[in-house]
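Enquirer: Listed below, chain by chain, are the residues.
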Amino acid sequence: MTSTTDPRELTVGVGAGGLATADMVLNIGPQHPATHGVLRLRLVVDGERIITAEPIIGYMHRGAEKLFEVRDYRQITVLANRHDWLSAFSNELGVVLAVESMLGMEVPERAVWARMLLAELNRVLNHLMFLGSYPLELGAITPIFYAFREREELQTVMEEVSGGRMHYMFNRVGGLLHDLPAGWLGRVESTIEDVRGRLPDLESMLVGNEIVHARTRGVGVLSAETVAAYGVSGPIARASGLDVDLRRDTPYLAYDQVFSSGGPGRVVTRTQGDSLARLEVLLEQVHVSLDIAQHCVGVLGSLPQGPINVKLPKVVRVPEGETYYATENPLGFNGYYLVSRGDKTPWRLKLRSASFNNVSVLSETLPGNLISDMVAILGSMFFVVGDIDK
Amino acid sequence: MSDDDSVRTRAERGPERRGAATDNMSDRTMDAEQPEREPERGERGGLVPGIFKGLATTARAMVTPSHTAEYPDVLPDLPPRSRGTIALLEENCTSCMLCARECPDWCIYIDSHKETLPATTEGGRERQRNVLDRFGIDFSLCMYCGICIEVCPFDALFWSPEFEYAETDIRDMLHEKDRLGEWMATVPPPPALDPGAADAAEVTALSKPVRPGRATPPAGRP
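Each protein sequence line maps, in turn, to chains A and B. Just so you know, we're using my numbering here: the first sequence kicks off at 1 and counts up by one. Just so you know, we're using my numbering here: the second sequence kicks off at 1001 and counts up by one.
Simulated from the structure, these hints should not be mistaken for laboratory data. All C-beta atoms in this analysis are idealised placements derived from N, C-alpha and C, irrespective of residue type, glycine included. Just to be clear, a hint being listed does not mean it is correct.
[Unchecked claim] Pairs of lysine-lysine, DSSO-like flavour, derived with a Cα cap of 27 Å:
| # | chain 1 | residue 1 | chain 2 | residue 2 |
| --- | --- | --- | --- | --- |
| 1 | A | Lys350 | A | Lys66 |
| 2 | A | Lys314 | A | Lys350 |
| 3 | A | Lys66 | A | Lys344 |
| 4 | B | Lys1208 | A | Lys314 |
| 5 | A | Lys314 | B | Lys1053 |
| 6 | A | Lys344 | A | Lys311 |
| 7 | A | Lys311 | B | Lys1208 |
| 8 | A | Lys314 | A | Lys66 |
| 9 | A | Lys344 | A | Lys314 |
[Stated by the list, open to error] Covered by chain A, according to a simulated footprint, are these stretches of chain B (three or more residues, beta-carbon under 8 Å):
| # | region |
| --- | --- |
| 10 | 1049–1061 |
| 11 | 1066–1079 |
| 12 | 1088–1096 |
| 13 | 1122–1130 |
| 14 | 1196–1202 |
[Said to hold, decoys possible] To give an idea of the interface, some chain A residues facing chain B are shown, with a C-beta separation under 10 Å as derived from the structure:
| # | residue |
| --- | --- |
| 15 | Ile57 |
| 16 | His61 |
| 17 | Ala140 |
| 18 | Phe145 |
| 19 | Arg149 |
| 20 | Thr156 |
| 21 | Glu159 |
| 22 | Glu160 |
| 23 | Ser162 |
| 24 | Gly164 |
| 25 | Gly183 |
| 26 | Val212 |
| 27 | Ser302 |
| 28 | Pro307 |
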């Protein structure tokens, strides 16, 4: 919904002392330290109060979906990594799961649990990033260093298994590329414990801090109806009370076992729908993901010897047909609509990205707020610009 | 559903404690500026306002030794699978072009020609060999995905954790086969695998029963 109201021209005051004023069109971005990446917000402001806000996207459009059409499924994984770069593993996972579902391929159990472990670690990495950058936008300089320290520890673990710190390129159709290195599970376990032990330090600066509270409580309230209307998903939707989590509702991998009652997985929701609720959801989800990751480590340690992938034919051809496969990415629903005509490249691979919907709701939330509150609201709409523009 | 208090946006409630919102957390003159209303307790409760909890954390961090590894004085400790650069073992390369074909970015440039070797035995067949003329990888295009390494059937390409090869001229980012060969010295051995991993193909082949047939190999064959 684009609301491009022309700036109003008014005369303030009466008679001879009247002052002609007009609303100001203020462009926030595309290059701006307070927006995550190249997002442009065209605001029409009356003094400091926002009248209309229009997010203008596309500054980072790389034509991913078009590029997908001339690449085979392993090459697509390389590109799919990069649209939401903070949740690279989850993106890859969506692609290979979509292809595997069309091929009817059954992945070995070891690969299933390893994928879950890495996906949850990726979720922690993503949430830690926002837990660091959101306070930074509010003016708190310290939490980002603490959050990034935890990220470094986890990225070390991810680098040991996949070779990459951000773009893992570890999922393949049929499983994972390599098996786990010796001793890696032990290192994952100790890293999870270390991160969990230091989380209270990070939280002490966020939870209960009066400044964060004053800037985020009641700011940018999203009602559950708005959330459902715009297709907002992930922690933002759950903070407004929408109880949807694809890991529990349409389970993939072995999430049905993890999210069953008694399992470590649980869906985190809040009801207030303001920026503080979104922050709280993120914090709690980190704890839940660490629990799930720990559970996966335990399961992987007890599995019998087995392969980590299915031996593929030389050329992977996906049979004709179409499928839509959505996974719960750290930022929300990430869906791949794959249309295949029987070739080794897809006919069409449409990407439903979480951030696109999350950002579209800004034109409803921002009007009526001050520009300083806009920074708080924008930071709480966790998005990655590559995910919006693809 | 959101309760009445938060339906009204922050903006409508008007400015509150403007000074507090612009305070830098490291600027500690907060003693004079106690909040007028009862501060909301954090999860951990207690009589200490939330701001002081954050202060206590940073104070503790101030007296703990830092864990920062000060690059470039200290080099990072990279795992063997780390994707730094690509090394080429030229003698293994048969110019099959699989890496150049599979690269999603088409950043590998290969030139080769065929050479005919004369027959080694009398009346034997002439052999054809591929000779690699040029093997270049353009690291300004490379996305470090590893598909070329994964797909090479002759183990001619390897990952190396070296990452310090930044150049001022982008044309120098095209590494030719001599430079790629130099990286081979930095290639680490692959890590040992988890005990839960499946046995390698060589190990499972050994445990297969011997096929009935020749008890001794025919003469002349190694």
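Enquirer: For each hint, tell me whether it holds in the structure or not.
Expert: To see whether the hints hold, each was checked on the structure:
no., hint, result
1, Lys350/A x Lys66/A, "holds (9 Å)"
2, Lys314/A x Lys350/A, "holds (25 Å)"
3, Lys66/A x Lys344/A, "holds (15 Å)"
4, Lys1208/B x Lys314/A, "holds (25 Å)"
5, Lys314/A x Lys1053/B, "violated (59 Å)"
6, Lys344/A x Lys311/A, "holds (17 Å)"
7, Lys311/A x Lys1208/B, "holds (19 Å)"
8, Lys314/A x Lys66/A, "holds (24 Å)"
9, Lys344/A x Lys314/A, "holds (11 Å)"
10, 1049–1061, "holds (count 10)"
11, 1066–1079, "holds (count 3)"
12, 1088–1096, "violated (count 0)"
13, 1122–1130, "violated (count 0)"
14, 1196–1202, "holds (count 4)"
15, Ile57, "violated (24 Å)"
16, His61, "violated (18 Å)"
17, Ala140, "holds (5 Å)"
18, Phe145, "holds (9 Å)"
19, Arg149, "holds (7 Å)"
20, Thr156, "holds (8 Å)"
21, Glu159, "holds (6 Å)"
22, Glu160, "holds (4 Å)"
23, Ser162, "holds (7 Å)"
24, Gly164, "holds (6 Å)"
25, Gly183, "holds (8 Å)"
26, Val212, "holds (8 Å)"
27, Ser302, "holds (9 Å)"
28, Pro307, "holds (4 Å)"
Violation of the numbered hints given earlier is confined to hints 5, 12, 13, 15, 16; the remaining hints are satisfied by the structure.
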